[in-house]
Amino acid sequence: MSAIELSDIVKRWGETTAVDNVSFKIEDGDFVVLLGPSGCGKSTTLRMIAGLEDVTAGTMKLNGVDMTNVAPSKRRISMVFQSYALFPHLSVEENILFGLKVRKIPRDERATRLDKVAELVGLSTLLDRKPSQLSGGQRQRVALARAVIAENKICLMDEPLSNLDAKLRQDMRFEIRALQERLNMTVVYVTHDQAEAMSMADKVILMREGRIEQEGTPDELYNRPATVFAASFIGTPPMNLINTTTHDGAFVIEGENQTQVLETSLSEVLIGIRPEHISITDDQGIQAQLLSADYQGADTIVNGLIGTQKVLIRTPGRVAINKPLHARLSWNKDNVHVFKADTGARTELINAVSV
Amino acid sequence: MTRKMTRYSLKSQATGWLLLMPAAVFLIAFTYYPTIATLAKSFFSQGTALRPSQFVGLENYASLLDDEVFWKVARNNIIYAGITIPISIALALLMAIWVNGRLPLRSLTRISYFTPTILPMIAVANIWLFFYTPEIGLLDQTLRGAGFNGHNWLGDPNTVLGCIIVVTIWKESGFFMIFYLAALQSLPPELEEAAKLEGASRWTYFRRVMFPLLMPTTLFVMINAVINSFKLVDHLFILTKGGPDNSSSLLLYYIYEVAFSFLDQAYASTLTVILLGALAAIAIAQFVFIDKKVHYQ
Ligand SMILES: Nc1ncnc2c1ncn2[C@@H]1O[C@H](COP(=O)(O)OP(=O)(O)OP(=O)(O)O)[C@@H](O)[C@H]1O
Ligand SMILES: [Mg+2]
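Quick mapping for you: the protein sequence lines, in order, are chains R and P.
Numbering-wise (the working numbering), the first sequence opens with residue 6 and increments by one.
Numbering-wise (the working numbering), the second sequence opens with residue 2 and increments by one.
In isolation and in its complexed conformation, chain R is listed as follows:
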């Protein structure tokens, strides 16, 4: 029995279909990230789980019980909003206790739970402040505390870190994940930041235009992207997608025409290689031109050209390229992903060749 189970969920507003036949299961205690570009229906899906949005078609179960048409207050779900949705006229303490008061939890229990939660998120000294007197990160913690104090098993978060600066975002990622593990909550977390998804999730559900593109562990999404879209969405910089063609019976990169990169080919295919899996070599490998370099600190992203195809190469340390130069590139066939050009789907029927 899954904690959350969506079956063929559809959401339409007039002509627009925001969520189109989405089904997935989330197990108890999992940290699941809904990932996708802007407008792909992540928030809508989350809000349907919370009951803030009606479902056009399909069913939603929580712990095996059909909750599709149950009021939000009866679902026993907490939610952290992107804007935090703190009540501006109430103090931090009153904000956190709002739900407990509404649900008429006795005063003593409220006090003990408040102490515990305030301690947990590090707000003990700020309880008398108003939200307007807090920094963004502190407001974020209040929102978290309010979600956690209800002791609901399921917690939904819609881009909770998007208003924070990079450093704080990094810290909060760890804190949220630690909190989730400690309280053994089931978390559905929405983000469009793939790095956030990769570092936090037990499972990632990648969405595109209202549908699920791929579902799996961060590892699976990184190492076995199911589609060209998944390949280009995960990783910074994203995977290189290179057009291939036939030349004199050999399967080569468009415009390069010399080095065999595939054993066989069915039709038009793309090969995908991550920038970190291409190395710059001196003698062996495929001919390429290096155009420019983008220094990132620990490594450098090099802009290159193989035949007519642009490639990015991640190489350790600092590399400076002042004017275009010739070089050779090499990669291992295990790191090459092959996709059909027409559908964009991954195929295992075609083997790559190491260069």
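Hint data in this document are derived by calculation from the structure and do not stem from the laboratory.
In this text, a Cβ means the ideal position worked out from N, Cα and C, and glycines have one as well.
Careful, some of the hints might be misleading.
Claimed, not checked - To give an idea of the interface, some chain R residues facing chain P are shown, with a C-beta separation under 10 angstroms as derived from the structure:
| # | residue |
| --- | --- |
| 1 | A55 |
| 2 | K79 |
| 3 | I82 |
| 4 | S83 |
| 5 | F103 |
| 6 | A148 |
Following the hints, complete the assembly by docking chain P with the ligands onto the known chain R.
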């Protein structure tokens, strides 16, 4: 050096005063001078051709205490304010919440609630005159249809003030609704969603979140309502002329009568001073007591 600077600043001061002058002239001529003149007049007797006006100290105020009409009118005004203010504010809030929600023909509903506000009070009074007219008025015709007897609504001292109150509420609540509607639309919808998820009913959300966040608007609307309840008497001219037997007369209307029908400027000034004093006291009290409870974002 210093002399030069003083001269320079004197010159620029003159420019400043010159720039200020047009506004100041109007302000003094139409606000400060009349206020002070009124206050001064209230200490003098009304002059006639035979007996020129002379200083009488607090005599006007003493006669005010003995003036039965004044007390009646003051009582009327308190009842009038005490009923119109809370009801029109409550109605305004209700209507605002109602038209802020999802409903068909929303803009049409909003406009129809707002229409009474656009109409001049004189026009409003004429419309309601048609409602209240005995025998042929809409109210009487409806009542007769339901089997009740007709009634001279505006002619009966027991009902006339009530009739005036209804007209005012009808006119004012649409106006106040606009302020509430604007305030409601500035509330982030996530607040209601968050409250909902926490298990709050609509009433709890209203009581604990929405109403407190609307307090600045309520304060603003309330001060306007108080001022209007003393200031807005146009409809009396059309509907009742304060009658019968002053039972629908309000302070400002009485002041008008004293000044321009009885031509007693001195006594009218005395009444005006009382009215101004009362208004100032109420406004200050509202700011002092309610401001503490208002959360400004
Ligand atoms: N109330 C609404 N009425 C009509 N269309 C809507 C409504 N809310 C969302 N949509 C549409 O549904 C689609 C999905 O929206 P949604 O908010 O779920 O996107 P998202 O994945 O959360 O994007 P983002 O990352 O920008 O928040 C969008 O095309 C949006 O325009
Ligand atoms: Mg969103």
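Verification of the supplied hints:
1. A55: With a closest approach of 6 angstroms, the A55(R) hint holds.
2. K79: holds, 8 angstroms
3. I82: holds, 7 angstroms
4. S83: Interface hint status for S83(R): holds (7 angstroms vs cutoff 10 angstroms).
5. F103: Since the shortest Cβ distance to chain P is 6 angstroms, the answer is holds.
6. A148: holds, 9 angstroms
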